[in-house]
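Using the sequences provided together with the hints, build the complete structure.
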Amino acid sequence: QQQVKQSPQSLIVQKGGISIINCAYENTAFDYFPWYQQFPGKGPALLIAIRPDVSEKKEGRFTISFNKSAKQFSLHIMDSQPGDSATYFCAASKAGGTSYGKLTFGQGTILTVHP
Amino acid sequence: EADIYQTPRYLVIGTGKKITLECSQTMGHDKMYWYQQDPGMELHLIHYSYGVNSTEKGDLSSESTVSRIRTEHFPLTLESARPSHTSQYLCASRNQQGLGSPLHFGNGTRLTVT
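Chains as they are written, first to last, in the numbering used here: chain A, 1 to 115; chain B, 1 to 114.
Any given hint could be a false lead.
[Claimed, not checked] Simulated coverage check for chain A against chain B, where a stretch passes if three residues somewhere in it have a Cβ under 8 Å from a Cβ of chain B: (1) 44-57; (2) 72-84.
[Unchecked claim] Pairs of lysine-lysine, BS3-like flavour, derived with a Cα cap of 25 Å: (3) K58/A with K71/A; (4) K31/B with K102/A; (5) K102/A with K57/B; (6) K57/B with K5/A; (7) K94/A with K57/A.
No wet-lab data here; the hints were simulated from the structure. Here a beta-carbon is modelled for each residue, glycine too, at the ideal position from N, C-alpha and C.
Encoded structure:
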């Protein structure tokens with residue numbers, strides 16, 4: 001059962017362009033939505049996260065947009081750079097009980113930014 | 001930079017061997033996790049621990065076992081490795097404070113069972 005669906009599987013953009021990765025979730029109990037960035041040979045690292053009480057969060061060139069009614073959230077990378085080339089994972093978690101802090105990850109998106 | 005260490009980084013082993021993947025963190029985090037990462041990238045939770053002597057199975061069924069005798073150490077053991085166990089195994093930890101505290105991942109162990 002895939003509770004978090006991520007698309008596209010791969011994405012190629014030119015330097016300076018906008019990269020957009022989308023995720024959809026099923027479980028309305030989810031209340032924490034982070035994005036992780038993974039470089040080859042490394043573990044994932046937290047990039048940015050959002051709670052459902054806000055519709056957008058921005059940190060530098062990275063923005064999360066959140067649509068609670070549609071159960072969707074997306075990552076926007078403005079002015080994409082070759083150094084942004086990595087695999088990106090969305091994730092979701094719900095508070096309370098035995099699920100506290102356990103993340104469910106999307107399938108991942110391989111982003112390639114061409115110079 | 002998170003201080004979570006996994007050894008070995010790469011392991012090639014024959015079918016039927018017993019293996020232990022090591023994971024240690026120096027941050028004093030109570031919560032620790034093992035994720036299995038498929039060649040196709042997706043991460044699946046296979047074990048987690050909320051503290052010493054606390055271990056639970058994750059969402060993905062796994063033949064591996066874990067132990068948590070010390071806060072900083074969370075090893076994963078396969079009693080009899082099989083080719084189906086070939087994967088990357090990622091260890092992670094986070095502190096107790098709040099839902100928003102990030103997962104800190106190690107760099108993983110890439111296991112190949114021949």
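Checked hints:
Judged by the Cβ-Cβ criterion of 8 Å, the segment 44-57 of chain A is covered by chain B as claimed, because 5 of its residues qualify and three suffice. A stretch counts as covered by a chain when three or more of its residues have a beta carbon under 8 Å from one of that chain; for the segment 72-84 of chain A and chain B the count is 0, and the coverage is violated. Distance check on the hinted pair: K58/A and K71/A sit about 19 Å apart at the alpha-carbon level, within 25 Å; holds. At most 25 Å may separate the alpha-carbon atoms for a hinted pair to count; K31/B and K102/A meet this at roughly 10 Å.
The hinted pair formed by K102/A and K57/B meets the criterion: a straight-line CA distance of about 11 Å does not exceed 25 Å. Under the criterion of a C-alpha separation no larger than 25 Å, the hint pairing K57/B with K5/A is consistent with the structure, at around 23 Å. For the given pair, K94/A sits about 19 Å from K57/A by alpha-carbon distance, which is consistent with the 25 Å threshold.
Hint compliance for this structure: hint 2 alone is broken.
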